[in-house]
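**Student:** The chain contents come next:
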Amino acid sequence: MAPKYKFTYFNLRARGELSRLIFAAAGVQYEDYRIDFPQWPAFKEKTPMGQMPLLEADGKVVCQSGAIARYLARETGLGGKSSWEEAQVDMFVCGVNDLIDKLCDAHFASDEAIKEERTKALGPYVTKFLDNYEKLGGPDGHLVGTSLTYADLAFFVGMHDVLKHRADALEKFPKLAKVVERVRENKGVAAYIAERPETNI
Amino acid sequence: MAPKYKFTYFNARGRGELVRLIFAAAGVEYEDVRFDWEQWLAFKAKGTTPMGQIPVLEVDGRMMCQSLAIARYVARETGLCGTTSWEEAQADMFVCGADDLLTNLITVRFEKDEAKKEEGKRDLATYVPNFLANYEKLCGTEGYLVGTSLTYADLAFFNVMHDILKVTSLDKYPKLAKVVEHVTADRGVATWLAKRPDTPS
Chain A
19 MAPKYKFTYF
29 NLRARGELSR
39 LIFAAAGVQY
49 EDYRIDFPQW
59 PAFKEKTPMG
69 QMPLLEADGK
79 VVCQSGAIAR
89 YLARETGLGG
99 KSSWEEAQVD
109 MFVCGVNDLI
119 DKLCDAHFAS
129 DEAIKEERTK
139 ALGPYVTKFL
149 DNYEKLGGPD
159 GHLVGTSLTY
169 ADLAFFVGMH
179 DVLKHRADAL
189 EKFPKLAKVV
199 ERVRENKGVA
209 AYIAERPETN
219 I
Chain B
2 MAPKYKFTYF
12 NARGRGELVR
22 LIFAAAGVEY
32 EDVRFDWEQW
42 LAFKAKGTTP
52 MGQIPVLEVD
62 GRMMCQSLAI
72 ARYVARETGL
82 CGTTSWEEAQ
92 ADMFVCGADD
102 LLTNLITVRF
112 EKDEAKKEEG
122 KRDLATYVPN
132 FLANYEKLCG
142 TEGYLVGTSL
152 TYADLAFFNV
162 MHDILKVTSL
172 DKYPKLAKVV
182 EHVTADRGVA
192 TWLAKRPDTP
202 S
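From first to last, the protein sequence lines stand for chains A and B.
Per this note's numbering, the first sequence starts with residue 19, numbered consecutively.
Per this note's numbering, the second sequence starts with residue 2, numbered consecutively.
Note that these hints are calculated values from the structure, not bench results.
A hint or two may mislead.
[Unchecked claim] Distance condition first, Cα-Cα at most 30 angstroms in a straight line; then the derived DSS-like pairs of lysine-lysine:
1. 64/A / 176/B
2. 133/A / 122/B
3. 179/B / 78/A
4. 62/A / 179/B
5. 193/A / 176/B
6. 118/B / 138/A
7. 62/A / 5/B
8. 113/B / 133/A
9. 47/B / 78/A
10. 5/B / 153/A
11. 122/B / 24/A
12. 133/A / 99/A
[Stated by the list, open to error] A short, non-exhaustive set of chain A residues, derived as facing chain B with CB atoms under 10 angstroms:
13. 73
14. 88
15. 93
16. 107
17. 108
18. 109
19. 181
20. 211
We put the CB at the ideal spot given by N, CA and C, even for glycine.
With the sequences and hints as input, model every part of the structure.
**Tutor:** Below, the structure written as C-alpha cells:
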C-alpha cells in the first residue's frame with residue numbers, strides 16, 4: 019500500500035518546490051502542509067534539526083531538502099534508470115542548488131552594496147551555468163536519459179526567477195528550452211502549477 | 002571487472018575527503034589525483050570538466066562532478082549508503098547536515114574580512130553545539146548514525162569533526178563518540194588515516 023506522505027515547509031517555493039514537483043510529476047498523493055512564519059518557532063522545537071522542509075512517510079520523519087527530493091525521486095522512478103544515471107541526475111540537481119544559493123545570497127543580502135555586487139555577479143554566473151547545462155544536457159528535452167527525471171524538475175525550479183526576469187533567457191539554449199517545455203507539458207506538473215499558491219520565492 | 006576510478010581534487014581534505022574516506026572504508030582502489038593551483042588552472046583550461054570545478058570522478062573514462070553527488074554514487078556502488086531506501090534517506094540527511102556545517106567551517110576559514118570572520122566564529126560557537134545535540138538525539142543506538150553498520154553518514158560526521166574534535170570532547174555525546182570510535186577502528190579508514198597527506202584543511 020502506498021505510504022501516507024506529509025510534506026511540511028513554509029508557504030514558499032524556495033527549498034520545498036522541487037519535492038512538490040516530484041510528487042506532482044509522479045502523480046503521488048501527499049499532504050502539502052505549509053507553515054506560516056508566526057507558527058514556525060513553536061514548530062521548530064519538534065523538528066529533527068530545527069529546519070524545514072520535512073517529509074513524513076507513515077509517521078517516520080526525515081529532513082534536508084535534498085535528501086527528501088532524492089528519496090521521493092527514488093520511490094517514484096524519477097531518479098534515473100541506472101546508478102550512473104542517478105549520479106548524473108544528482109550532479110545536475112547539485113548544480114541547480116548552487117545556482118539557487120547564489121540567487122538567494124543576492125536576494126537576501128541586507129547590505130545594499132553587497133546586494134548590488136552579488137546581483138551584478140549573477141549575470142555571468144547564470145550565463146556560465148546555462149552554457150554548461152546546454153553542453154551537458156541530452157538532445158530530447160531531458161537533461162539525463164530519455165525521460166523525465168527530477169533533474170529536469172530541478173532545472174525548471176532554478177529557472178523560475180531567471181525566466182520571470184527575462185522570458186527569452188533560454189533563446190540561445192535550445193536543449194534547455196526543450197527541457198522547460200517538457201516539464202511544463204507534464205500533466206501532473208501542469209495541474210499543480212495551475213493550482214499552487216503564488217509566492218515571492 | 003571492477004571499474005577503474007580516478008578522483009581528482011586539490012591536495013586538501015575540503016570537499017574531497019568524504020569520497021576518499023568512502024573508498025578507504027570500502028577497500029576500493031582508486032587513483033587519488035591532487036592538483037596544486039597551477040595544475041588546476043591548466044586542467045580547467047582543457048575544458049573537460051562538466052562544470053569547471055573539482056572534485057571530479059572518472060569511472061571507466063566517464064566524468065562527473067559535484068562532491069556530494071560523487072560521494073553518494075561511490076557510497077551506493079560500495080554498499081555504504083544504507084540498506085533500504087528509507088535508510089538511504091536518513092544517511093543522506095545526516096550527510097547533508099554535515100555538509101552544511103562543513104560549508105560554514107570552510108566559509109569562516111577562508112574569510113578575508115576580519116570582522117566577518119569573527120562574526121562567523123561566533124555563529125559557529127552556537128551552531129556546533131546545536132549540530133552535535135541534534136545528531137546525538139537522532140543517532141542510532143548501535144554506534145552508527147543509521148542502522149547497524151557503517152555508512153557514509155558516519156564517515157561524513159567524522160570528516161566534518163576533524164578540527165572540532167581537536168578542541169571539543171564528545172563526552173556529552175556518547176552515541177556520537179561511539180560513531181567516531183567505529184569509524185577510526187575500521188581497517189580501511191585506519192590505514193588511510195595513517196598514510197593520507199597531512200594538509201591544513
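**Student:** So, for every hint listed, does it hold in this structure?
**Tutor:** Going through the hints against the structure:
no. : hint          : verdict
1   : 64/A / 176/B  : 21 angstroms, holds
2   : 133/A / 122/B : 23 angstroms, holds
3   : 179/B / 78/A  : 24 angstroms, holds
4   : 62/A / 179/B  : 28 angstroms, holds
5   : 193/A / 176/B : 49 angstroms, violated
6   : 118/B / 138/A : 24 angstroms, holds
7   : 62/A / 5/B    : 45 angstroms, violated
8   : 113/B / 133/A : 18 angstroms, holds
9   : 47/B / 78/A   : 47 angstroms, violated
10  : 5/B / 153/A   : 25 angstroms, holds
11  : 122/B / 24/A  : 36 angstroms, violated
12  : 133/A / 99/A  : 41 angstroms, violated
13  : 73            : 8 angstroms, holds
14  : 88            : 6 angstroms, holds
15  : 93            : 6 angstroms, holds
16  : 107           : 8 angstroms, holds
17  : 108           : 4 angstroms, holds
18  : 109           : 4 angstroms, holds
19  : 181           : 21 angstroms, violated
20  : 211           : 26 angstroms, violated
Of the numbered hints given earlier, the model fails hints 5, 7, 9, 11, 12, 19, 20; all others are met.
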